[in-house]
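Student: Sequence:
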Amino acid sequence: MNNYFSIILEIITIFTATIWIAEKLKLISYIQKKNIIKKKKIKLTKKEYLIKNIASIFPTLLFVFIIRSFIYEPFQIPSKSMLPNLIVRDFILVEKFSYGLKDPITQKTLIKIKNPKRGDVIVFKYPHNTKLYYIKRIIGIPGDIISYDNLKKTIKIYKKQKNISVTYNNKKNENNRILIEEKIENKKYCILINNTKNINKLLMYPSKKYIKTWKIPKNNYFVLGDNRDNSYDSRFWGFVPKINIVGKAKFIWMNLKQEDGQWPTGIRLNRIGKIK
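1 is the number of the first residue of the sequence shown in the UniProt record's numbering; add one for each residue after it.
It should be emphasised that the hints constitute simulated quantities derived from the structure, not laboratory data.
Any given hint could turn out to be false.
DMTMM-like, lysine to aspartate or glutamate: derived pairs with alpha carbons at most 25 Å apart [what the hints assert, rightly or not]:
hint: 1; residue 1: LYS152; residue 2: GLU181
hint: 2; residue 1: LYS160; residue 2: ASP103
hint: 3; residue 1: LYS160; residue 2: GLU259
hint: 4; residue 1: LYS248; residue 2: GLU181
hint: 5; residue 1: LYS172; residue 2: ASP144
hint: 6; residue 1: LYS156; residue 2: GLU259
hint: 7; residue 1: LYS131; residue 2: GLU181
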């Protein structure tokens, strides 16, 4: 849906740009030919008035197009897969230039800035249906070997036979839920474990073989939800191609107080802030 919106926005922007340029050129030509006297009123026909109005919205459309396509794009959190850090109905801003500038239609990188890092929270197109947008945390980068212990709910990361630092601290129990601080290298954040669930049977790759170790190929990433027992992620469907990454989730700018099936009743100001 977002991709369709980008295409429509680009078409409308180009259309209004064409009219805006034509209108400006016509005005310049008219002034040069007629040598208009100051304070003389110019009567516009209905057609000219319509063209002038369409042309006037071009600067606004161009501004929106540039911001949305290359700088920031808003998204809403639809599920609980990123608890405790992101909750349902969080509205977030995704920084689209974090890793490079992309063509908004083809998604090809025009200017590379940097590579995604372990611990980054990203929005991406689901590899098996690019009309869907997911948000998860990067755990493994190209060349990593990821080992996930489904009983201890812990991760081990190896890179060229070197052990990447992953530590767990500050364990807290809350209503059959366990909050743990996970730290990958210098990136710290909390993950959520449901003490009453066992998802051994879900740790299946598309081949239906039970595995706990993945080797990440070139230009692909391994992602997990922070809500480890309630997240449909790389453990189930595989890796995220780099071209599918929309951008880095940076900021929560709003959260609505709303019950399912009801109208919003307010805004949770305490949710506003940077994403860890």
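Student: Now, for every hint given, state plainly whether the structure supports it.
Tutor: Do the hints match the structure? See the list:
1. LYS152 / GLU181: Given that 25 Å is the threshold and the Cα spacing comes to 14 Å, the pair holds.
2. LYS160 / ASP103: Not satisfied, since the Cα-Cα distance of roughly 33 Å exceeds 25 Å.
3. LYS160 / GLU259: At roughly 49 Å apart (the allowed maximum being 25 Å), GLU259 and LYS160 break the hint.
4. LYS248 / GLU181: Roughly 21 Å separates the two Cα atoms, so the pair holds.
5. LYS172 / ASP144: Since the Cα atoms of LYS172 and ASP144 sit roughly 30 Å apart, the hinted pair is violated (cutoff 25 Å).
6. LYS156 / GLU259: violated (39 Å)
7. LYS131 / GLU181: violated (33 Å)
Checked against the numbered hints above, the structure violates hints 2, 3, 5, 6, 7; every other hint is satisfied.
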